[in-house]
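Q: Given the sequences, and given the hints that come with them, work out the whole structure.
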Amino acid sequence: MTDSLSELALFKGTSPDECEAFVATVRLRALEQGKHRDNEWMAIFASGHLRGEALYWYEDLEESVQNDWSRLRPALLASFGARVKTPAGTSSARVITGSTPSTTIPTPAAAPP
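Numbering (my numbering), first residue to last: 1 to 113.
Be aware that a few hints might be false.
The following label-pair restraints were derived from C-beta to C-beta distances [what the hints assert, rightly or not]:
| # | residue 1 | residue 2 | range |
| --- | --- | --- | --- |
| 1 | Ala82 | Leu10 | 54 to 60 Å |
| 2 | Asp60 | Ala110 | 38 to 44 Å |
| 3 | Pro113 | Ser15 | 54 to 60 Å |
| 4 | Glu20 | Glu40 | 20 to 26 Å |
| 5 | Ala82 | Gly48 | 22 to 28 Å |
| 6 | Thr14 | Ala110 | 49 to 55 Å |
| 7 | Thr14 | Asp38 | 24 to 30 Å |
| 8 | Asp38 | Pro16 | 25 to 31 Å |
| 9 | Glu53 | Pro113 | 52 to 58 Å |
| 10 | Ala24 | Ala110 | 45 to 51 Å |
No wet-lab data here; the hints were simulated from the structure. Bear in mind the structure is a predicted one, so any value in this text is a computation, not a measurement. All C-beta atoms in this analysis are idealised placements derived from N, C-alpha and C, irrespective of residue type, glycine included.
A: Here's what the structure looks like:
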């Protein structure tokens, strides 16, 4: 019988379908190992299967994203997956990068009449 852990394909970041299959397969492997609630294990497991563009992308992420599947998974899908449009026409994918966090610029209050 083949060890299902060795069947996980390498993820190179070449297509949305490849990304979606990779995320789903990582989840299945975690379930098989009883690690489906262990975000650190899943992130480290996934990182060992990255190659090419996906590997270089991963190395540019903040360590907190690299080590947490709950943050790495949406980052993978935002960068390599298909972006699903919401009814309002905006992207539902969240982008998490290794760059500095965005800042909110407050809108000044209107002048009194």
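Q: Now tell me if each hint is right for this structure.
A: Okay, the hints, checked on the actual structure:
1. Judged by the Cβ atoms, the range 54 to 60 Å given for Ala82 and Leu10 is violated: they are separated by roughly 20 Å.
2. Between Asp60 and Ala110 the beta carbons are some 42 Å apart, a value that agrees with the proposed interval 38 to 44 Å.
3. The hint said 54 to 60 Å for the Cβ distance between Pro113 and Ser15, and at roughly 57 Å that hint holds.
4. A C-beta distance of roughly 22 Å is found between Glu20 and Glu40, which places it inside the suggested range of 20 to 26 Å.
5. Distance hint check for Ala82 and Gly48: the Cβ-Cβ separation is about 25 Å, which falls inside the suggested range of 22 to 28 Å.
6. The hint said 49 to 55 Å for the Cβ distance between Thr14 and Ala110, and at roughly 50 Å that hint holds.
7. For Thr14 and Asp38, the Cβ-Cβ distance of about 28 Å falls inside the hinted range of 24 to 30 Å, so the restraint holds.
8. Checked against the given bound of 25 to 31 Å, the beta carbons of Asp38 and Pro16, roughly 26 Å apart, stay inside it.
9. About 56 Å separates the C-beta atoms of Glu53 and Pro113, a value consistent with the hinted range of 52 to 58 Å.
10. At roughly 50 Å, the beta carbons of Ala24 and Ala110 sit within the given window of 45 to 51 Å.
Of the numbered hints stated above, the single one contradicted by the structure is hint 1.
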